[in-house]
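Participant: Residue numbers (this note's numbering), protein chains in the order written: chain X, 1 to 204; chain G, 1 to 660; chain B, 1 to 123; chain W, 1 to 440.
No lab work stands behind these hints, which were simulated from the structure alone. Just so you know, not all the hints are guaranteed correct.
Claimed, not checked - Once the Cα atoms are required to be at most 27 Å apart in a straight line, the calculated DSSO-like pairs of lysine-lysine come out as:
1. B:K23 with X:K89
2. X:K48 with G:K575
3. W:K380 with W:K332
Now for the letters of each chain:
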Amino acid sequence: MSDTATAHHEDGHKSLIIDNKKLLMWLFLGSDCMFFGTLISTHLIYRKINPTEIDPTVNLFSLELTSFSTFILLMSSFLMALAVSAMHKGQIKSFRRNVIGVIFFGLIFLGCQVYEFTEFVHLGLKLDTGTFGSTFYLMTGTHGVHVAIGIFWLICMYFYSYTGKMDAHESAVDVEVAGLYWHFVDIVWIIIFTVVYLIEFIGK
Amino acid sequence: MSTTVTETHETSTHYGSHVLKPERSNLGLMRPDHGKSVLIDWLTTVDHKKIGIMYGVIALFFLLVGGVEALVIRTQLAFPENDLISAQRYNQLFTMHGTTMIFLAIMPLNAAFFNFLVPLQIGARDVAFPRINSFSLWAFVAGALVINFGWFLQLLEVMGLFTASGPTAGMNDLVPSMGWFGYAPITGIEFTGAGTDFWIMGLQILGIASLSAAMNFVVTIINMRAVGMKMMRLPVFTWMTLIVSLLIVFAFPAITIALAELMFDRVFGTNFFVTAGGGQPILWQHLFWIFGHPEVYILVLPAMGIVSEVLPAFSKKPLFGYAIVVFSGAVIGFLGFAVWSHHMFTTGLGKVATAAFSLLTMAIAVPTGVKIFNWVGTLWGGRVRFSAPMIFALGFVWMFMMGGFSGIMHSSAPADAQQQDSYFVIAHFHYVAIGGIFLAVVSGIYFWLPKICGKMWKGNLSLWVAIFSTVGLNVTFFPMHFLGLLGMPRRTHTYLEGFGWETYNLVCTIGAYILAFGIFLLVVDIIRCLRSGEPAGDDPWDARTLEWTTTSPPQVYNFARNPIIPARDALWEHKHGPENRKITYEPDDGHGIHMPSQSWMPMIASLGFVPLGLGLSMMQAGVAYMGYVAIFGLLMISLGVALWALEGPGGYHLHPEEEN
Amino acid sequence: MSQADYNPLPVSPAVDHSGENEKYHVFVNLALVLAAITGVELVLVYLPFNKAFIFTVLVSLSMFKFVAVIAWFMHLIYDKLMLTLAFGTGLVIAAGTYTALLFLFSTDYVAPHEIPGIIPPGM
Amino acid sequence: MKKLSNGYSRFISFATALLALTFLSGCDLNTRMSTFDTKGPIAEAQLDLFMLTVWVTGFIFLVVGGVYVFAVIKFRERPNDDRPLPSQGHGNPLVEIGLIGASVLLLVIIAVPTLKGIWYTHTTPNNTYSQLGTWYEGDDLAAEAEEEILVIRVIGYQWWWEFEYPQFGINTGNEMIIPAGKAVHLELRSVDVIHSFWLPRIAGKVDLIPGRANSMWIQAGDDFDTWVEKNGIEGGEVELQTAYANYLKTEIHNYYYGQCAEYCGDSHARMLFRTTVVGDDEFADWVASQKTGHTAPEDKSWDEWYKTYDSHPESLSGDVNEGLKLFVGRGKCIACHSVQGNPRALGVAGPDLTMVASRQSLAAGWLNHRAEDGSIDTEKQYENFFKWIKEPDVVKPGNLMWKSNGNGIGELTDPEDPDKIKLLTDDEVRKISLYLQTLK
């Protein structure tokens with residue numbers, strides 16, 4: 001809930017009209033690029049130098065399932081954009097409707113991931129299975145944790161909207177910042193979907 | 001959740017002094033505001049100046065700790081085949097010396113200057129997120145405690161009050177002993193014990209502290225500038241803060257993930273750096289230096305910023321080529337991400353990669369050289385006044401040049417094959433670290449101490465500090481160039497007689513004691529200043545930047561009215577420039593100055609890292625019940641953050657007496 | 001001092017609410033396009049085309065999705081340049097560094113896990 | 001202010017004096033591991049590059065440092081200075097660009113030879129001088145190896161070195177032997193943590209990284225063509241060959257010191273190694289005797305000795321026999337060490353002990369018994385063996401020989417209780433040492 005970690009300086013004049021929280025979030029996302037860059041590149045490096053590590057005849061990935069969860073995440077991003085837009089217009093009911101949708105879709109995505117992990121473990125891919133298991137689970141797991149944090153954040157916002165303390169101006173920024181975070185989680189998945197799942201598949 | 005809606009402004013009362021009625025937060029709790037007790041005031045403060053001072057004091061303490069570690073190391077090496085301390089103890093000392101100096105002394109010293117100066121230099125009341133600032137400070141303290149906790153356990157063990165148990169107990173290394181670089185696989189579970197876990201968790205916590213502080217500063221510098229303070233009017237120190245903060249923001253995630261991967265290797269048996277499972281230990285080196293090389297600039301750029309403030313002030317001239325200095329700082333920062341592998345020339349990168357990194361490393365010498373040219377250019381035609389800050393700044397330029405030149409020698413990869421991991425490298429980076437960063441920081445201390453405490457240091461003791469530290473530094477580290485070229489490798493706890501290293505080592509050790517005496521004098525001088533310095537006045541140096549327009553020490557609100565900045569070197573132009581370049585002030589809108597309320601929550605949240613970090617580390621080492629301690633820490637963090645979110649930012653208004 | 005620098009606007013961002021309705025249509029269209037691309041990607045990997053071709057198309061499509069979400073859903077194109085700089089710097093550094101890192105690793109340098117005392121066959 | 005200036009000049013003279021003292025304290029650059037005293041083309045190339053960087057940076061230092069000192073002195077504030085304020089110029093773009101251009105030019109002076117040097121040091125040559133078929137005189141060489149150069153697999157352990165010669169199927173520890181004037185290809189491997197191979201007078205370092213196939217090439221002394229070219233000596237082929245042989249013999253054949261240069265744990269400081277550079281004949285002899293290994297004491301065959309050992313061990317008397325009995329028996333040395341010839345000494349966790357007594361150091365180079373004249377000081381050698389076997393943890397803290405048996409060498413009488421170890425007595429250690437001294 002980093003949006004709350006602020007204090008306002010109503011007297012301060014800002015040379016550029018960017019909200020502090022928004023700038024902070026964008027910086028965090030820039031930093032997160034390095035964060036996920038490290039994880040994804042670790043995975044790719046080990047795929048490159050240990051290409052025969054997993055049995056190529058076993059079809060580990062179910063592309064249909066992953067495409068479905070990618071779709072779900074993209075749609076949640078769409079709803080999040082609508083929620084932010086609604087908040088800017090001060091339509092709190094529309095905001096609630098959309099946010100509930102985002103939370104729901106996010107939970108479906110997490111559910112898919114849990115299902116996928118369980119399947120993989122049954123197929124014999126564990127955390128300590130060579131480097132593939134290590135990098136795959138740490139990478140997708142970290143992404144999953146990001147999704148979970150996002151869901152928790154949005155649930156808090158949803159309930160907070162009933163306290164009547166939200167207003168169109170300041171809370172819109174808070175919602176927008178949460179939205180930025182959510183979209184970023186989405187674009188990270190776009191990359192992971194392509195470089196980890198699809199390209200792995202055509203490499204077979 | 002939201003932050004602003006509930007602000008209760010019952011405060012149009014006129015407060016002449018700082019005594020305030022504590023106000024209740026949204027939770028119905030008393031806010032720990034001014035006037036209760038000095039201790040609570042400091043613990044819960046969100047004032048960037050107090051936070052800066054605390055950073056500085058803690059960092060100086062760790063500078064002394066790291067210095068003592070270095071002295072023991074040097075004493076052990078004074079004679080061949082010396083057995084003052086065991087190999088293991090030596091390894092612990094050099095590991096902790098490096099870690100302490102980098103993460104617990106230099107970085108927080110820089111943070112101390114950032115905190116104290118940046119808002120003052122840009123004409124702001126505070127940083128953008130005062131409570132995150134407080135969180136960063138206490139998270140840094142938490143990380144420092146976790147990383148040094150091993151010493152405490154080792155002490156208990158020596159006294160017979162504690163025995164390690166569990167899988168790594170036999171190793172008996174409670175203090176990190178794998179080097180500050182922690183090259184895999186020596187950090188693996190089969191080679192090192194609990195010390196490595198403390199190190200991993202400590203660094204992770206320090207990373208969180210640095211990241212939150214850095215993002216805060218970027219937002220502060222971009223968003224909180226006073227009217228008219230355009231980017232190209234920022235003081236160079238603030239520019240360097242901005243660049244350093246961006247470097248931290250973009251470099252730290254690499255080490256965060258690397259540490260997480262290492263932790264997974266140790267705890268969950270993953271294979272990131274385990275050869276038997278297909279892992280490549282070399283990957284750690286890459287990830288470490290992707291962080292580690294920008295880290296070098298994170299350490300040194302603030303020093304360049306300090307010197308770029310001191311030299312103009314004592315030459316009565318603007319910085320020569322301001323734009324180019326700023327630009328070269330940015331280029332150094334950016335190129336700093338492209339040269340990490342020059343720390344790895346001996347790891348068999350292959351011809352092409354070695355050549356590429358060799359050339360890029362030479363390229364980075366150009367913007368660094370540019371800065372030196374500009375400092376010389378600043379002196380040229382000026383009127384050089386030899387006061388203590390200036391003497392240290394002049395010493396910095398000379399010593400930094402020497403460190404820089406041995407750096408160029410490293411850039412030639414084949415020559416580096418002889419220098420890498422020898423004492424030559426130690427000489428190189430200590431010239432940069434002590435001759436560069438330390439002298440600049442001392443220069444900064446003498447320059448801004450009058451502003452920080454309102455008192456002027458006195459007498460010529462500062463000159464003796466300069467003499468002892470500079471002489472000590474050269475006597476210690478100059479012979480090390482030769483030691484390295486005569487084949488003495490680094491990180492060896494002892495050496496055989498007959499290799500021609502004996503005299504050099506003895507000289508180095510003597511030098512280390514001279515240097516230590518210099519630092520001791522520095523501490524004495526600072527204490528003397530605090531105890532019995534004369535009032536310094538607002539602008540004792542006839543200086544150039546905005547921080548000298550406020551009182552010494554500055555009021556809690558920094559500026560009674562917000563300044564409007566007409567030019568670069570605002571104060572100088574105000575004093576000596578034409579009439580249209582005076583600093584003006586915004587009109588009083590009658591609402592008073594909005595001040596943020598103080599809070600316990602950032603401290604509670606960040607100190608939760610102590611049980612979390614210690615619990616996780618010791619759980620790994622097999623100590624009983626540590627899992628619960630870790631969970632307690634996690635709960636403490638969550639609780640702190642949740643209450644922080646719910647208490648609301650609060651705030652009150654101050655109405656300073658009109659004095660200007 | 002020119003008073004032009006002095007900006008008396010309030011702190012909170014002045015959001016232009018009149019644009020929100022146009023944005024709605026952009027969002028809906030974008031969502032449809034993104035869904036369609038994901039479908040195309042899924043089909044594409046099964047098609048018997050040249051692997052390099054499929055690879056190129058997949059990478060381009062994912063780049064497009066990536067940029068589109070940033071630009072419109074995250075309204076970066078509506079926002080201040082400073083935000084693009086803050087994020088873009090991180091993105092460029094990450095992309096550059098890790099692409100370089102990927103090239104620095106190659107199977108040529110991989111040695112099998114050493115076990116003491118065994119001279120590998122073929123030596 | 002006057003007082004300050006006085007202090008400043010005092011400080012400068014003090015500093016200069018101390019610096020000069022430091023310089024003078026050690027002029028001897030021809031020490032055992034000096035990178036200045038090069039004995040091979042690689043170290044020479046590296047030194048040349050280093051000196052180039054020294055000259056270039058020294059030049060810049062002189063110019064910039066000179067201007068700097070001049071500026072500080074010339075533009076200092078005088079007492080009662082009432083001159084007008086200095087001009088408030090913000091810099092001069094032309095000067096700046098000129099200086100940037102000049103520094104780029106100076107860097108190019110370093111860059112071009114650096115690139116050459118990288119290619120030179122990274123490319124193992126395969127010239128006729130170095131091919132095994134040309135110079136190796138033993139008859140035990142596989143045909144396909146004739147056109148290869150000598151390959152040595154260097155394997156790093158915590159904390160010792162193994163040198164394998166795969167083309168000859170032999171293996172030695174901590175002291176490597178290479179022929180003079182021949183390029184040698186080193187394959188660098190590690191079994192545990194990262195180590196680094198550094199032989200300063202012959203070549204700079206390359207790391208031994210687990211999981212990574214690093215390699216380097218080294219050469220002690222120039223090959224014939226290079227030597228002729230470098231020295232510009234004229235003469236007939238035979239004379240030149242003699243002179244060249246003489247050069248190798250007097251200048252290159254020697255005993256060189258090396259050390260691990262990457263931090264590798266507790267005893268990193270004590271992970272040294274040695275290299276003997278010898279002539280072709282001597283190398284062939286060494287390979288041959290390394291292959292043959294040793295017979296049992298009193299020139300018995302091993303079958304005979306072991307038969308007696310298994311049936312009537314008490315009949316094998318004398319210190320050397322007793323030592324060997326302990327070596328294969330209670331001391332359990334053969335669990336980790338192998339000795340060529342001895343059919344039961346096949347351990348692989350420790351260094352190969354074939355001809356261990358002809359090595360001039362023990363315990364990865366930490367204990368020396370090389371006499372002034374280059375021969376082996378046998379008394380010292382005995383002491384070293386004794387010390388190493390008696391208290392290995394003192395010589396090399398944390399090493400496997402000490403750790404593997406539960407902190408000492410001897411018999412574990414109760415496997416459940418590591419404290420009940422029956423350590424070797426001084427007399428037993430003496431006998432083992434005496435036996436080991438016969439392995440030469």
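Participant: All hints, please: hold or fail.
Facilitator: Tested hints:
1. B:K23 with X:K89: It holds: about 12 Å lies between the C-alpha atoms, which stays within 27 Å.
2. X:K48 with G:K575: Cα-Cα ~64 Å, so violated.
3. W:K380 with W:K332: 25 Å, holds
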